[in-house]
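J.: Here's the letter readout for the chains.
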Amino acid sequence: MNDNNTMLEVKNLQKFFPIKSGFFGRVVGQVKAVDGVSFSIERGKTMGLVGESGCGKTTVGKTILRLNSKTGGEVYFNGKEIFGLGNAEMLKMRPHMQIIFQDPYSSLSPRLPVGEIIGEAVREHQIVPPNEFDDYVTRIMQACGLQEYHKDRYPHEFSGGQRQRICIARALALNPDFVVCDEPVSALDVSIQAQIINLLEDLQKEFNLAYLFISHDLSVVQHISDTVGVMYLGNLVEFANKDEIFSNPLHPYTKALFSAIPIPDPTVRRNRIILEGSIPSPANPPSGCKFHTRCTYAMERCKVEVPVQLDKGNGHMVACHLYDDNSGSEKQPETDEASFRAIGEQYDKANENKTESNPA
Amino acid sequence: MTENKTFHTDPDEVKDPNAIQPEIHLDDVQRVKVLSPTMLVLKRFLRNQLAILGLAILIFMFAFSFLGGLFSPYRQQQVFRKYELIPKEYAAAAINKDLRYIVQTGENFSGPSLAQFVLAKNKGEPVFSAGDRDYSYTEKGEDFYLISELKVLTDVIVLAGNGRFTPAAGVELTEDFQTAALEALKSSQTAFEYGDDEYFISRNGKMNTISVAHEIALATKLVFAAYEPEAQPLLNSLDFVEQAQLALINDADSFAVGGVLYRIVIDEDSAIIYRSQDDEDHPFASVSNIIVNPISPDIFLSVDFKRTLNEAIAEGKTTFTAVTQNGTEETFTINRVHETYTVYAQRTSQLIDMYAPPSNEHLLGTDGNGMDVLTRLMYGGRISLLVGFVVVFFEVILGVLIGGVAGFFGGIIDTILMRIVDLFNSIPFYPIVIILGSVMDTLKVNPYARIFILMTVLGLLGWTNIARVVRGQILSLREQDFMVATEATGIRISRRIFRHLVPNVMPLLIVQATLALGNIIIIEATLSFLGLGVKYPIASWGNIINAATNLHVMTSYWYVWIPAGILIVLTVLGFNFVGDGLRDAFDPKMKR
Ligand SMILES: Nc1ncnc2c1ncn2[C@@H]1O[C@H](COP(=O)(O)OP(=O)(O)O)[C@@H](O)[C@H]1O
Ligand code: SF4
Ligand SMILES: [Mg+2]
Chain A
1 MNDNNTMLEV KNLQKFFPIK SGFFGRVVGQ VKAVDGVSFS IERGKTMGLV
51 GESGCGKTTV GKTILRLNSK TGGEVYFNGK EIFGLGNAEM LKMRPHMQII
101 FQDPYSSLSP RLPVGEIIGE AVREHQIVPP NEFDDYVTRI MQACGLQEYH
151 KDRYPHEFSG GQRQRICIAR ALALNPDFVV CDEPVSALDV SIQAQIINLL
201 EDLQKEFNLA YLFISHDLSV VQHISDTVGV MYLGNLVEFA NKDEIFSNPL
251 HPYTKALFSA IPIPDPTVRR NRIILEGSIP SPANPPSGCK FHTRCTYAME
301 RCKVEVPVQL DKGNGHMVAC HLYDDNSGSE KQPETDEASF RAIGEQYDKA
351 NENKTESNPA
Chain B
1 MTENKTFHTD PDEVKDPNAI QPEIHLDDVQ RVKVLSPTML VLKRFLRNQL
51 AILGLAILIF MFAFSFLGGL FSPYRQQQVF RKYELIPKEY AAAAINKDLR
101 YIVQTGENFS GPSLAQFVLA KNKGEPVFSA GDRDYSYTEK GEDFYLISEL
151 KVLTDVIVLA GNGRFTPAAG VELTEDFQTA ALEALKSSQT AFEYGDDEYF
201 ISRNGKMNTI SVAHEIALAT KLVFAAYEPE AQPLLNSLDF VEQAQLALIN
251 DADSFAVGGV LYRIVIDEDS AIIYRSQDDE DHPFASVSNI IVNPISPDIF
301 LSVDFKRTLN EAIAEGKTTF TAVTQNGTEE TFTINRVHET YTVYAQRTSQ
351 LIDMYAPPSN EHLLGTDGNG MDVLTRLMYG GRISLLVGFV VVFFEVILGV
401 LIGGVAGFFG GIIDTILMRI VDLFNSIPFY PIVIILGSVM DTLKVNPYAR
451 IFILMTVLGL LGWTNIARVV RGQILSLREQ DFMVATEATG IRISRRIFRH
501 LVPNVMPLLI VQATLALGNI IIIEATLSFL GLGVKYPIAS WGNIINAATN
551 LHVMTSYWYV WIPAGILIVL TVLGFNFVGD GLRDAFDPKM KR
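Here the protein sequences line up with chains A and B, keeping their order.
In terms of our numbering, the first sequence opens at residue 1 and continues consecutively.
In terms of our numbering, the second sequence opens at residue 1 and continues consecutively.
Accuracy of the hints is not assured; some may be wrong.
Part of the chain A face toward chain B, derived, beta carbon under 10 angstroms [what the hints assert, rightly or not]:
#, residue
1, Met93
2, Gln98
3, Ser109
4, His156
5, Arg170
6, Ala173
Covered, in the sense of this in silico footprint (three residues per stretch, anywhere, with C-beta under 8 angstroms from a C-beta of chain A), are these stretches of chain B [stated by the list, open to error]:
#, region
7, 484-491
8, 500-508
Not close to chain A: a few residues of chain B, all C-beta gaps over 12 angstroms, as computed [what the hints assert, rightly or not]:
#, residue
9, Gln77
10, Glu329
11, Gly368
Keep in mind the hints are simulated off the structure, nothing from the lab.
Heads up, the beta-carbon is just placed ideally off N, CA and C, and yes, glycines get one too.
Pulled out of the complex, with its shape left as it was, chain B reads as follows:
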């Protein structure tokens, strides 16, 4: 055929290797390095500055989260404490307004007897009775009373100058006593002394009753404080206090008790009693009208301390310095409420180091639990990224499986699966996870188990997007001529799927998964922020920001929550930049 002749300019053209020459383009053959599609994608990706920035952010985040924890000197849940001087109650003092009673050892003077005494004292009656006992008291000085119990000795009837004595059971009366008593009766005395004792007479018609007074207690407003703890018992003994009081009243400068001589030195409002021993005076007790008591029984307040305190109170000072029982000099503060004074000592105490501002030890300070914010950010990053990856992995598996089957087989299978996708898409996401979160709260689910449940639920609710994308991609690939060609050339189904379909679905899948990662991180952060996701004590970026729900923390302690916010924003941006970069690199035509 002539046509063929003219059609062929050169019959050998096709077999000639040079035949292809006219088709060689400038960017082809030996001139340009051969790049596989993967390398091309990589090259395009690396040329995208935004994608590189995103990649750099992500690399930083991964290093920060997964390596940071190894380098941080602190543990995730390590609580930091600090020592701080804070005023602690040390002693209490009050000006004594009440009578204090010192009771003879072995005697009982309390309850009704005390009450009757106070009544009698206020009425000015020298005798009173409580129960079947009779008492008398004598006022020996201002606010100093000696109280005695009266014991009936004998009844006496005086007839024509003679007394007929009827002694109480077991009482022997001497002649001399009878004479002294008769004397007193005749002169109508109510009391008389005989020997060392004082006797009281009460009349009832012709019947007189003679009783003996027996000291059982004293009442005073003065407060005796011992210099040495061993001296305290003596200061509670009736004998000592009585002698000391009497000496004070009489302005005597010494008195003796139990064969020991005590000297008194008066000093304005108070006095010091020295015990003379071996010709030396030792401070023994201090007398004042201020009661000072330690807050706790292991504190012993020295007389010096009490005296300094007394002076400070008298001078109206609010601080004073005194030596404590350990021998150290300390400054105390006095806080007055009405007539009572509370003494505070500066004590170092261990406190949880909450909201410590950034410092060398804690570069981002500490949070409300006294934990290092930076360290918690590192561990929180682990959780946030891990949750992201696990959930996306789960979503990809489900999405590829379901989307792939729907797309590849099409028809009724596709229809059914896509309706299932629609069903999942119509599940209201936030209500479900919020309810789930509160259910887990109520059931007190272990924080680690919570994370797994959270991941499962996020994955179950989130795979539909990937399924749709995969299905769409497979549907469009199925119609592409190269897929038809694999069928035409008779390639096995499995090979068609794994050699031809999957590699072409991969790019989109990678892009989708990358973008989904950013999304999941936001969702996790949101849930944890709301207290429904990852829970204390496990850190996650979301629950770190949760601190900002407290207005005071939000405004005053920016370093507790701002960094977590920045990390979330950066990570999500990073994932999105990388995802967009990958998409552009995979498919340059898609670039807008």
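Pulled out of the complex, with its shape left as it was, chain A reads as follows:
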């Protein structure tokens, strides 16, 4: 907002889902799916968002597109608070911000032909004049690796990868500035994941897109992202640019997460941090630092005091009492740089193997 280059700014976003029960659906509690998340994305850049399943990544993605209502906080898109827009204005805003879903099977209406799925909103928003409509849709489809004859087909005739291409084409056809990619490859075959990732990258360059790339596959995030956010139980626990966070993860949760990336090279050693216990319920999160139930560095303070975001320089934000200068803690979590350097190499190698085994 302050910065001209900032496209999306999220401030202290909250999204609680009410838990209803009883005859008249009384609200008996709240699932704090997103509990105070702040970040920003620059034009044409990609932010990776990682975290365990259920930590609120999808909710963040949907809420910043106003596909959910919000509970608190603000979302500025191109300087406008989207929750402050009227219905008509919001409808006009829609094409600029799109989403690609995780499950390519449920994200396509089964009763419409592909051409209609992709073109429907184009016509609705008059992205192109009516006489150019057909050509435009064809062009978009081809840009996404689809053929013109696919227009008359129905989603059930396509494989998962092709469906994801259709989803991408649908989003892209509206000429968006920003696309939320909610685990766009996690439902696909490994061999096809690379194709989709490459497609997304190519499109980003071609159309100058900004991505919020949600994934729990750290290798992919490392490959595609400019900045990375790590979420735990509805909170953004760490945020930094990619190189910084992969070479110097600060938050104990981030460390644990990154240490789980498998390294095929036996010569490289790394201390694998095993997270004990399962992720607590977001309906009833632990007090203080929500991670304290599983954190190996947990202190008394962590159980009562909610850690605040600390800027450790270079826009590296972390929410942990360990980095609080007043904490008085001597304990510094050891970083294992060697292992993280290896991650990138390993990913590239693995990727090479994939594409080789599936020749284009």
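Using the hints provided, position chain B with the ligands relative to the given structure of chain A.
T.: Showing chain B with the ligands alone in chain A's frame:
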């Protein structure tokens, strides 16, 4: 970035049409004919044998019900009749035990006079009186009495061989009569004859009263029957009967009345009187002791008939043959109860052709109202199917509206609407419709109006299921990513509902509606069976089976109710097969 380089095996991959090649599956692209989801559903449906069977059943039922009525030669409420020979009362006969009285025309002999006669006869007194009249009777033969009224002519006092006559007013006495009377008085006779008349003397001290006897009636046990209806008046005349009786008593073979000669031929228990005319004898009357009367006044029983009947009775036969007044020979049966005999003639009469067994005219026979069962099944099918469709249509409209609104808008609207659904679900269905049925019975609601009321009530009580299903489906669809995508791409609400939501609710709705159809048909049949639904004279499958509530009909006339039962079972099965088939075709994953 080096990473990008290695990631891309071919920089042009994406734009290259061949890039997609690795993703082409064996069953994809040009190899397989492109099928729209609708065609796919159809294809899957047609592959389901049970569904095809159900569809065939339903097509048959529709053709049977809606076209059958056009081809059936009969109308829905056409009553069939048959002609059958059944014994009908024709005549009654009895052996005459009572005296029959024939009264002189212009005279009156009845009531108290009759009673006094019977008393006097039983006591053996030759004279009797009733009121201020005096009567006398003479027994001329067995069970044959002549009854006369006595008229006072004169009082006589006999003094020393001379009689002093005091004639009644207006009576002139001749010398000769006075002499004859005195003669009789002197010899103490009670009666004497003078001229053609007989005179009676009654004494009271020295006072004698002379009266003249004047015939007014006769009593006999014989029965005279005329050969020709014209002869009947003569047979009721005192003169004729008296002469005929006297002749019979005296074994005379002829007698004359009014200058006509009648001959008598005795034949065992009866006699025939012939009228001689122009030297020819015509049968005129028959005499017997049996009374024969026709049952209805338009039947004339000929003497021949009566004589044959008499013989049959005498011989103790139970049937006889005789010629009727139309000149046709017929066989009659006699039924005896005590001393009376009833004669039955075989008469064809028109009867309602009830419970006729299957035949060429009535392939499934006729029912208890003499209506063609097959034809009623056709019309009944119309009603049953029509009720089903209208009710389901009604249910679908209500269900989609309420379920759709609840599911789409959610929140408090959903909560309120679903509580209304619960409310309707807790209405006890059968008690309500049974009460409604009896109320309509009491109010004598027109059978056609009844059907409409029935349909409305069934629809009002039945929409909740569809509403629930639609709501559930919409709630789950709303969460589906493709619905979220329509919102994300900024598509209008109306378009989201009608292009995306409705087509995806349709399959389930069609399945539900199909299954509901079978259900409604059963409910309608149940109600009509109980006499609370569709009512006679309108046919419905349910009220056709109602015949089976009569144990006799159930056991003896299977063809009246079994076919309706079979049709209901088949139709409901058909709807269920098709419904299940559609469900499997719409959603192959659901198949168990
Ligand atoms: N529509 C919803 N209603 C209620 N709870 C929800 C809803 N969507 C998500 N949640 C809850 O919010 C939490 C975060 O979910 P989600 O954002 O999908 O996590 P992620 O995408 O990181 O796996 C989960 O506990 C989930 O159960
Ligand atoms: S605040 Fe405490 S519990 Fe939370 S991550 Fe830091 S050290 Fe662990
Ligand atoms: Mg998710």
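J.: Run every hint past the structure and note whether it holds.
T.: Structure-based check of each hint:
Restraint check, Met93 of chain A versus chain B: the minimum CB separation of about 8 angstroms is within 10 angstroms; hint holds. The restraint placing Gln98 of chain A at the interface with chain B holds, with a minimum CB-CB distance near 6 angstroms, inside the 10 angstroms limit. Because the smallest distance between the Cβ of Ser109 of chain A and any Cβ of chain B comes to about 4 angstroms, under 10 angstroms, the interface hint for this residue holds. Interface hint status for His156 of chain A: upheld, as the beta-carbon distance to the closest one in chain B is roughly 7 angstroms, under 10 angstroms.
With 10 angstroms as the threshold, the beta carbon of Arg170 of chain A comes within range of chain B, its nearest partner Cβ sitting at about 7 angstroms, so the hint holds. Taking 10 angstroms as the C-beta cut-off, the interface hint given for Ala173 of chain A holds, the closest approach to chain B being about 9 angstroms. Only residues whose beta carbon comes within less than 8 angstroms of a beta carbon in chain A count, and the region 484-491 of chain B has 8; three or more means the coverage holds. With 3 residues having a beta carbon nearer than 8 angstroms to a beta carbon of chain A, the region 500-508 of chain B meets the requirement of three or more and the stated coverage holds.
Separation of Gln77 of chain B from chain A is adequate, the least Cβ-Cβ distance of about 48 angstroms exceeding the 12 angstroms criterion. In this structure Glu329 of chain B is separated from chain A by more than 12 angstroms, as the shortest Cβ-Cβ distance comes to about 86 angstroms. Every Cβ of chain A is farther than 12 angstroms from the Cβ of Gly368 of chain B; the closest lies at roughly 53 angstroms, confirming the non-interface assignment.
This entry satisfies every hint, going by the numbered hints stated previously.
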